[in-house]
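Participant: Construct the entire structure; sequences and hints are all you get.
So the sequence shown is numbered by the working numbering: it starts at 196 and just counts up by one.
The hints are all genuine.
Derived DSSO-like pairs: lysine-lysine, alpha-carbon spacing no greater than 30 Å straight-line:
no. : residue 1 : residue 2
1   : 302       : 401
2   : 278       : 331
3   : 307       : 401
4   : 259       : 331
5   : 278       : 259
Okay, the calculated beta carbon distance ranges per label pair:
no. : residue 1 : residue 2 : range
6   : 302       : 330       : 38 to 46 Å
7   : 276       : 242       : 17 to 25 Å
8   : 230       : 402       : 15 to 23 Å
9   : 302       : 405       : 12 to 20 Å
10  : 351       : 215       : 24 to 32 Å
11  : 378       : 398       : 35 to 43 Å
12  : 315       : 230       : 27 to 35 Å
13  : 405       : 205       : 25 to 33 Å
The hints are simulated quantities; they were obtained by calculation from the structure and are not laboratory data. Don't be surprised by glycine CBs; every beta carbon is placed ideally from N, CA and C.
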Amino acid sequence: MCGRFAFFSPREAVVAAFGADISFQFDPRYNIAPSQNVSLLRLDESGELRVDNYRWGLVPFWAKDPAIGNRMINARAETVAEKPSYRQSFSRRRCLVLASGFYEWHKDEAGKTPFFISRQDDQPFGMAGLWDEWTKGAREGDPLRTCTVITTPANEFMQRMHHRMPVLMSGTSALSWLVPEALTDELLHMLLGPQEVELQAWLVGKSVNNPINDNAHLIERA
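Facilitator: Structural data, given as structure tokens:
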């Protein structure tokens with residue numbers, strides 16, 4: 196799964212990673228947790244790329260209670276096209292959640308040990324995601340916009356820490372994930388195909404366990 200990540204890469208690195216001139220501002224974040232706002236890349240109604248801040252934890256448009264989002268921070272790639280909670284967003288509202296790296300906890304006899312995982316070249320990436328708007332109970336003209344991160348079976352590198360991992364995308368090819376006309380089979384291949392990105396990981400301190408902590412020291416090697 197993916198339950199905590201960081202996004203601190205400079206704008207220039209994000210522009211280079213996706214080959215697109217994206218205008219946005221953000222504060223570096225080192226411990227992004229569910230229910231917090233995340234920066235995501237999506238296509239707007241006119242087909243233009245934009246970066247928005249949506250709450251992490253998908254609330255489907257039909258939900259009666261927005262608290263459902265607390266249980267929907269991740270969507271499984273194997274079922275995302277079929278599950279009622281996700282299938283409409285999968286068809287129409289795909290996004291890339293921007294990240295510089297993510298955390299995973301390895302469980303052993305000593306308990307859970309946190310690791311920080313990033314690309315070997317230290318470049319930012321997008322985690323395949325979905326978004327939705329919830330208007331029931333929201334103030335008029337102010338819908339609740341939320342998102343989820345899609346996970347897939349872990350590659351060989353990640354299997355040492357967990358059996359699942361977020362779907363990582365970068366480069367101009369990643370933008371094909373956002374194209375509305377993309378076919379279901381093509382999209383599923385992106386999600387379930389081999390995760391060949393070269394990653395690095397190192398042990399970090401347990402201060403990351405508390406989402407109140409959010410500073411650059413969290414990603415330092417323990």
